[in-house]
Amino acid sequence: MANQVYSQQFENGLTLLAEPMDWLESVAFTLLIPSGADRDPKQLAGLSNFVCEMAQRGCGSRSSRQFIEDLELLGVDSSGSVSNGFTSYGGSMPAEKLRDALTIYADVARRPHLNDDQFDDAQQVCIQEVRSHDDDLAHQVMTELRRHRYADPYSRVSYGNIEAIQQIKIDHVREHFGTFYQPQGAILSVAGKIDWQSLCDHVGQLFSDWTGSDQPIEETPAPAAPYFHIDHDSSQTHLAVSYQSVPYSHDDYFQSHGAVGVLSGGMSSRLFTEIREKRGLCYSVYASCETVRTRGAIVSYAGTTTERAQETLDVLVHELLRLQEGVREQELQRLKARIKSQLIMAQESSSARSSQIAWDWYHLNRIRALDELSAIIDALTCQTINQYLVDNPPRDFRVVTLGAKQLEIPRGIS
Amino acid sequence: MEFRRQTLDNGLEVIAEISPKAYSTALGFFVNTGSRDETAEISGVSHFLEHMVFKGTPTRSAEDVNRELDEIGSQSNAFTSEEHTVFYARVLPEHQSRATDLLSDIMRPSLRDEDFEMEKQVIIEEIAKYEDQPPFGAFEKCMAAHFGDHPLGRSVLGTAETVGALTSQQMRAYFEQRYSPGNIVLVASGNVEFEQLVSDAERNCGSWTPFKVTRELPRAAEHSGLQVIQKDAAAQEYVVQVANGPAAADDDRHAARLMATIVGDDTGSRLFWELIDTGCAEFASISPYEFQGTGILMTYLACMPDDTPSCLKQIRDVYEQAQKSGLTEDELLRAKSKICSDLVRHNESPARRLFSVGNNWLQRQSYRTVRESVDNYQGVTLDEVNAVLAKYPLTTSTIVAVGPAPHIAT
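Chains as they are written, first to last, in the numbering used here: chain X, 2 to 415; chain S, 1273 to 1682.
Hints are computed from structural coordinates only; laboratory data are not their basis.
Accuracy of the hints is not assured; some may be wrong.
A few chain S residues that don't get close to chain X, going by computed Cβ distances all over 10 Å [to be verified]:
#, residue
1, Glu1285
2, Arg1617
3, Ala1681
Subject to a maximum C-alpha distance of 25 Å in a straight line, what follows is the list of computed BS3-like cross-link-like pairs (lysine-lysine) [to be verified]:
#, chain 1, residue 1, chain 2, residue 2
4, S, Lys1596, S, Lys1585
5, S, Lys1596, X, Lys279
6, S, Lys1413, S, Lys1293
7, S, Lys1585, X, Lys341
8, X, Lys98, S, Lys1392
9, S, Lys1392, S, Lys1413
Built from N, CA and C at the ideal position, the CB exists for glycine as well.
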């Protein structure tokens, strides 16, 4: 599983990463620009998202329509989105089209028109995006959980809110673009059928004269309330629980990841077995490791009909706490088999590798090659995971519920 | 890339698209059964049975099945549609045999009463989950309104009432009518050892007794009209429009897919420029669905409740314009590029190919390479695309709206 990875740091701060996958016909790229929701001015929540929308409405020599039509002609499956930490543009395409696609995206990042005549439509699109989440109850409960877990601005959603979006003016868009669309901390990753040297030369031509510098971020602490309920007339009650853990960049991350893998992810995992298979309490239940910048948490979710919500929450919390008693050898072996499969199968997807190497660089400032990751997984033992669980018992719980009835918080976590 | 095929004595077909360089092997049992094969009384049984298949066999408990699927590091799951029920696993090539053994075994499930009652609760939770989720049942309600008493009008999940009233005897009877080896295809893709696959299938499935399976294919008497279902708890309005489209065996299905891409893809289409780029609606698109004997072109709209009449009018205007003046060569060129690039990229994943190869075999008993699929799309002419619009007018449709609006003026 040895894979070659390349990196090149340009003088202006932009990092180019590449993983050749010669057995594929496709190539995928990911361009991360440090203009996330965490950079929005407080009163203009959603501004980065607005800029991302505007940047794709005409850039360089192309109008809004030409931009989309040219990508279609090239066969590029493209995307543009904003998360808490960055704006991400990406595309997946036949390998021979990469050069043209990157040329277009250099215009998106550096020469968007940000014209007045696109402003009203872009504003409406951003408002529609806020509304699209109004009926997504599982998303709402997880968003609220995040707000109770992390300090502002790390708990923010990218799409902001309607009031704030209505306050945004074209000058805000231009100013935000001017400040945050810059190379320091920006990452361009490419995976698939590529030639490193010609890629490096081409990216140098497109981006080496890009200038600007990154800005510091101010934070304010999260609300301290351990339980928050949102009343809603729904068939199901949605439960979200989290506790503090280590982030992706921490040395112990894979100990925590291993422990959570025993809880969730496979068909024989504990949450699926105890909550769905043995008790029939819900259809969807999961837990996962979450990393927001330098902070980490374990988050879990279950959706269940209101009359069974209390029992579901009780069993869910019981399983989260029971994890401290340790994982068993057979559970670990199954987990390792699953992770090993995933690592090998990732080599079938240029998009998956392109995003992963960008994510690695963002959090670690380097790339973990697949064989290094494989060695980390091989080195996990019940003893290392269980020692980690003893040293780091679940603490600082947050619970959010959304549904027709407020619940009792189980003992042991409040 | 090589295609292999063999039929066991009891009628079970084994097919594989083999790419020796692939990192993974995908395997699946594709059963030619779904909600269209149910009666009103047992509505939801195909999907419920899909869950029960994982609940154990005479030699394995449900826990054993789940544990063993994880032991081989598989990514496995199942799904049920109107016409098919599919059980699949994606594994490393070294686990092909074990995955075949395991999937074969669960295809003869015990359907134990205690498991049946427990899983019924999970299904009822699944139904509740979709009740809370956009488009709040609008697709099922529109299919029911469009197809009336035709079997395609039946919902895949059923309702809490029909599922609640189902008995394990009814499920066993359904299993015994539908899961004949002749009605099932074992499909594989990626890094496949074909001889091994056939010998594993013979060992595990050779004793399955065949019986005759039929599917009713009544002519669909499609309806049209508008139905508004008020749901106060929803913030947005969700509208589903169903118009007729080509069936699975129809030659013009490629032209219909190109037409749908030009008129209603989620980006770069006429609907996109009219409704999405302008922020008039949150979502508007057209998707074709092909069934045996009939097909549909489904329009999906999500927008603010007050904007629904104007959005529906904009959609109608786009459709009327397309039907009246036709589409353009430039649009066709871009649509072909989009679809063909997508086909080639998907080809890199054995898991994705599994569904294309399996679906094509069930629907048309034929195999096509990605190159042949690309050629089929590239060969479509503008006249053929415009002919689809004339044959299946998008403006003649059944419309169901679910959301806060009490009525919609059209």
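We went through each hint and held it up to the structure:
no.	hint	result
1	Glu1285	26 Å, holds
2	Arg1617	5 Å, violated
3	Ala1681	21 Å, holds
4	S/Lys1596 <-> S/Lys1585	16 Å, holds
5	S/Lys1596 <-> X/Lys279	59 Å, violated
6	S/Lys1413 <-> S/Lys1293	45 Å, violated
7	S/Lys1585 <-> X/Lys341	52 Å, violated
8	X/Lys98 <-> S/Lys1392	50 Å, violated
9	S/Lys1392 <-> S/Lys1413	23 Å, holds
Of the numbered hints listed earlier, those contradicted by the structure are 2, 5, 6, 7 and 8.
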